[in-house]
Structures are given as C-alpha cells and as structure tokens.
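In the order they appear, the protein sequences are chains L and W.
Quick note on numbering: the first sequence equals residues 0 to 174 in numbering that gives the first Met the number 0.
Quick note on numbering: the second sequence equals residues 0 to 174 in numbering that gives the first Met the number 0.
Bear in mind the hints are in silico, worked out from the structure with no lab data behind them.
Identical copies carry no separate label here, and so any pair may be met within one copy or between two of them.
Here are the simulated EDC-like pairs of lysine to aspartate or glutamate, each with C-alpha atoms no more than 16 Å apart in a straight line:
(1) K97 - D122
(2) K102 - E86
(3) K75 - E86
(4) K49 - E15
(5) K148 - E15
(6) K172 - D162
(7) K163 - E153
There are 2 protein chains.
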Amino acid sequence: MVFIATSLDGYIADKEGGLEWLFSIPNPQQIDMGYNAFINQIDAIVMGRKTFETVCGFECPWPYTKPVFVLSKSIKSVADTYADKVELVSGNLNEVVKSLHQKGHQRLYVDGGSTIQSFLQEDLIDDLILTTIPVLLGGGSPLFGDLAKPIDFEFVSSKVYLDKVPQVHYKRKRV
Amino acid sequence: MVFIATSLDGYIADKEGGLEWLFSIPNPQQIDMGYNAFINQIDAIVMGRKTFETVCGFECPWPYTKPVFVLSKSIKSVADTYADKVELVSGNLNEVVKSLHQKGHQRLYVDGGSTIQSFLQEDLIDDLILTTIPVLLGGGSPLFGDLAKPIDFEFVSSKVYLDKVPQVHYKRKRV
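This is chain L alone, in the form it adopts within the complex (with noise of 0.2 Å):
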C-alpha cells in the first residue's frame, strides 16, 4: 500500500529535494488527513534507504509505531539508536515481500519515490492513496517512474481534506 502526497505534476519533493510545499495548505487544526487511519490498518513498513535517512533527519521522536523495514543494498547496519526500530532487508524485492508476509506482515505500507517505483516495476502495489497538493513543481522527484507495461488500477473513494486537498484512493485491478 502506498500513501503518499504529490504536487498537481506527480513530485514528491521540489527540485531542491525541499518538502516545504507539503505543508504549504494552512492545517490550523494538524489534521492527519487519514494518516492515522491509514497506519492503524498496516502490519509494517517498507521504506527505502534515502526515505530511512530523511526520517533519521527529522527533529522528532522515531514517527512510527509499527515494525519498519529498510531496503537496502549498500548499508550492513544501522546506528544503535535505530537498531531496535528497524530491520534492514536486501534482495529481490518478490522474496522480500514472502518473507515479511510469512513473519505475518501482509498489508505493508510501501514509502519512498524509489522503493514505491521498484514495487511497482513488479507490480507488488495493491492500493495506491494518492493526497494532491495543488501546487505544480514544474520539476523534482517524481512519484511514479517507467514500467515495461501499463497497470490497471480501480476508483475505490476520494476525500476533500480541508476544503483544498484532494485524496483518491485507487485499488489494482487485477482479471
């Protein structure tokens, strides 16, 4: 599962790696605009390395109460602080997913713009919960990258958060 905010041209973050124009929309009241919700339903995290580091960047307690997994082909371990928050996985991604399903994490949320690309190059995405900024970059890291073929995906439902902020979730269609 992939629950994710873009700008109006499908960027992640700005062409300065900035994420400032996530927060751009005035949210009085720090509503969570389903987050929560959303958490609540996952069994674990998936999240590349760079997502890991930004997440280590951040100026807060660890942010996550499920178990997180990072993906990861360069780095053998993590800090100390980070030892009994993470566990680092490597390998062909199907067999990643096995393993975490069979250690009875099914619904896993899938986060970063290179880990959700790499999952959905194996088309390993189920459900897709897409925030828009309304906002265009004009340039920065796109959400989505090329595929070898086209993936049909589903309307499930859309939300309207704060009167300006619009959230679809889609659901992959598979015959």
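Dock chain W against chain L, hints included.
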C-alpha cells in the same frame, strides 16, 4: 483553461502516442464527463499544430463548435478543408492571448501537451480541469513540463464520473 484527461502517472498519450487507454473505462451511455458543459463556457480554442493534426486525422466531422486558433511557427496555411474552421496564430504567447482577448475571446480552452506547457511556463492558465484515468502508463507524453518556478493552484471542486473516473477542478491562486 485546460480540460484534459491524464493517466494516474500524468501522461496524455502512451509510449506509442496511443490514446486507447482513454477509452478503457466502460461508458455505455457515452457520457461526456463534463466536456459539453465546459465547451459551452469557453469562447475559443487554442491548440498546437500537433493536436490540430491529430484532430484532422480523426474519422469524424469537425468536432468544434467554437473558433479554433492553431499555434504554429512552422505552418503558414492550412488545407482548404480547414480554411474556414481554424485560424493560424504565432508569436509571443502573451501577445497572442492579448490579441485573442481583444477580439472578444476571453475564455480560452488551451489544448495539447506542448501548448499547455508553453501557456503554463508563461503563467497563462487560470483553470485546470483534470480527469484521471486510473492506469499507470509507465511512460508516454507527460501533461506537465519544467517550470522556472512553482505555480500555486487552489482546489475548486471534484466529481467522480461512472463511479470510476475522478475529475478535479483547480484554479490559479493569485495573491
């Protein structure tokens, strides 16, 4: 104004330039997903040469009921069949728009990927009405392109057609 359908990953044509995926959603009543209501509120259509040539290739009667202006640097005249249907325009986009406004064409329907991108680069688009077909094409002709700086829009409204196709109207946010 822009009224266009894209794939989930923001393409307006697939890798082979094909548009078949646009018609992948069963639409037995042939509903127009807001197209006629949109057309009724515009004064004229501005499209690029490529879109014009695509429309010329359709095996159907001329589909437009409003004046059509074709932007082109390269072509100097159109085939006789189209002489009473379209007018060629060229030059600086801001001046083209000013001149169309002076002729009474206030609300312009801007169509075609390159043309839309050029208008956005000049910040000449006030309304974006985007219909999303729930398929990841994984490549093709993107709707949006590079911009010198971000452009803020605002959510106006959203609809879902056929219980399957979300459409969102965004308006340029000018301060």
